[in-house]
Amino acid sequence: MAAVAAGLVRRGAAGVTQGLLRGRARSRGSGRAVFEKLSVLRRGLTLSLGTFVGYEAYNLISCVTEVHASFKAEEILEQADYLYGSGETEKLYQLLVQHKNSEDAELLWRLARASRDLAQLSRTSAEEKKQLIYEALEYAKKALEKNESNFAAHKWYAICISDVGEYEGIKAKIASAFVIKEHFQKAIELNPKDATSIHLMGIWCYSFADMPWYQSKIAALLFATPPSSTYEEALHYFQMAEKAEPNFYSKNLLYLGKTYLKLNNKKMALLWLTKAKEYPAHTEEDTQVQKEAVELLDSIRQELK
Numbered sequence: 001m002a003a004v005a006a007g008l009v010r011r012g013a014a015g016v017t018q019g020l021l022r023g024r025a026r027s028r029g030s031g032r033a034v035f036e037k038l039s040v041l042r043r044g045l046t047l048s049l050g051t052f053v054g055y056e057a058y059n060l061i062s063c064v065t066e067v068h069a070s071f072k073a074e075e076i077l078e079q080a081d082y083l084y085g086s087g088e089t090e091k092l093y094q095l096l097v098q099h100k101n102s103e104d105a106e107l108l109w110r111l112a113r114a115s116r117d118l119a120q121l122s123r124t125s126a127e128e129k130k131q132l133i134y135e136a137l138e139y140a141k142k143a144l145e146k147n148e149s150n151f152a153a154h155k156w157y158a159i160c161i162s163d164v165g166e167y168e169g170i171k172a173k174i175a176s177a178f179v180i181k182e183h184f185q186k187a188i189e190l191n192p193k194d195a196t197s198i199h200l201m202g203i204w205c206y207s208f209a210d211m212p213w214y215q216s217k218i219a220a221l222l223f224a225t226p227p228s229s230t231y232e233e234a235l236h237y238f239q240m241a242e243k244a245e246p247n248f249y250s251k252n253l254l255y256l257g258k259t260y261l262k263l264n265n266k267k268m269a270l271l272w273l274t275k276a277k278e279y280p281a282h283t284e285e286d287t288q289v290q291k292e293a294v295e296l297l298d299s300i301r302q303e304l305k
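Residues in the sequence shown are numbered from 1 upward in steps of one, following UniProt numbering.
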């Protein structure tokens, strides 16, 4: 019995010992599992931190790139405005045409303007002029697509449509009249202080008030209510433009004189045509305005003798 008991104790002790060994083995197994899990977590954390740092670095680089691009665009616009103010039409066009694929509406409408101004130069051939006029329309259209809230994009889109109309016949020109008017009005709505947009609305009114009879007949065929205006309405816009920015444009002075002449107010016509004649000539257009003003003044004086 004692032997049996001793055997049971030995087996028990052995069982306990084996159990402890199995327990230690399980513990070591669990430890390794935990260690492996921790290692995975640490590696995961390292990867996460690396990814985070990489992401932040990407964001920083993107931000710096955007700032640099923005700064570059601002620099180009400053140069462009300086050249425009200096009457350097060809240099301005060469600067801006390098960026014709830009996404910046401010740059694109300036390129449209520069293309058109270059087309108007007397030394530009007829073929080059036509090409530049159509190019200008594309740039203005793209500017408007990029930013419909940009008043200048609306203004230059309307101007360029009008210019292209000169190459597409009377019907096309009259058919686009309402679109042109709509964009001038939108430009004024977006920026009521822009004297140029107001002036151009005056030109639109003057053109339809002064429309030859045969064009009026074509307009009547195209529209149930064809585009029309009066000299009084044109005068309103020219005066409004001058009020917004006095003496801003030689052509506004000229058209004030011409409109008063159409309204048979020779005294006021003389006043504004004299101002147009005396306006400093910074561009070829200013020179042409001076020439027309002198011719009209001579004509009025001859009538008054």
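A couple of the hints might just be wrong.
Cut-off 20 Å, straight-line C-alpha distance, at most; resulting in silico cross-link-like pairs (PhoX-like, lysine-lysine) [claimed, not checked]:
(1) Lys146 / Lys130
(2) Lys142 / Lys100
(3) Lys130 / Lys141
(4) Lys146 / Lys91
(5) Lys100 / Lys72
(6) Lys146 / Lys72
(7) Lys275 / Lys291
(8) Lys146 / Lys186
(9) Lys129 / Lys91
(10) Lys129 / Lys141
(11) Lys129 / Lys173
(12) Lys243 / Lys193
Derived Cβ-Cβ restraints for the label pairs, each shown as a range [as the list claims (entries may be wrong)]:
(13) Ala224 / Ser86: 43 to 53 Å
(14) Leu271 / Tyr82: 27 to 37 Å
(15) Glu303 / Leu222: 35 to 45 Å
(16) Ser228 / Pro280: 15 to 25 Å
Hints were generated in silico from the structure; no laboratory data involved.
Ideal Cβ positions, reconstructed from N, Cα and C, are used throughout, including at glycine.
So, going through the hints one by one against the coordinates:
Restraint check for Lys146 and Lys130: the C-alpha separation of about 25 Å exceeds 20 Å, so the hint is violated. Our distance criterion of 20 Å between C-alpha atoms is met by Lys142 and Lys100, whose separation comes to about 10 Å. For the hint pairing Lys130 with Lys141, the CA-to-CA distance comes to about 17 Å; that is within 20 Å, so the pair holds. For the hint pairing Lys146 with Lys91, the CA-to-CA distance comes to about 25 Å; that exceeds 20 Å, so the pair is violated.
Distance restraint check for Lys100 and Lys72: the Cα-Cα separation of roughly 15 Å lies within the 20 Å cut-off, and the hinted pair is therefore satisfied. Distance check on the hinted pair: Lys146 and Lys72 sit about 18 Å apart at the alpha-carbon level, within 20 Å; holds. For the given pair, Lys275 sits about 12 Å from Lys291 by alpha-carbon distance, which is consistent with the 20 Å threshold. As the CA atoms of Lys146 and Lys186 are separated by approximately 16 Å, the hinted pair is consistent with the 20 Å bound.
Distance hint between Lys129 and Lys91 is fulfilled; the C-alpha atoms sit about 17 Å from each other, no more than 20 Å. In summary, the hint linking Lys129 to Lys141 is supported, as the alpha carbons are separated by about 18 Å, within the 20 Å threshold. The suggested pairing of Lys129 with Lys173 holds, with an alpha-carbon distance near 18 Å, which does not exceed 20 Å. For the hint linking Lys243 to Lys193, the alpha-carbon distance of about 9 Å falls within 20 Å, and the restraint holds.
Restraint check, Ala224 to Ser86: a C-beta distance of roughly 48 Å satisfies the suggested window 43 to 53 Å. Distance hint check: the CB atoms of Leu271 and Tyr82 are about 34 Å apart, consistent with the given range 27 to 37 Å. The supplied range of 35 to 45 Å is met by Glu303 and Leu222, whose beta-carbon atoms lie about 37 Å from each other. Roughly 36 Å separates the CB atoms of Ser228 and Pro280, a value that falls outside the hinted 15 to 25 Å.
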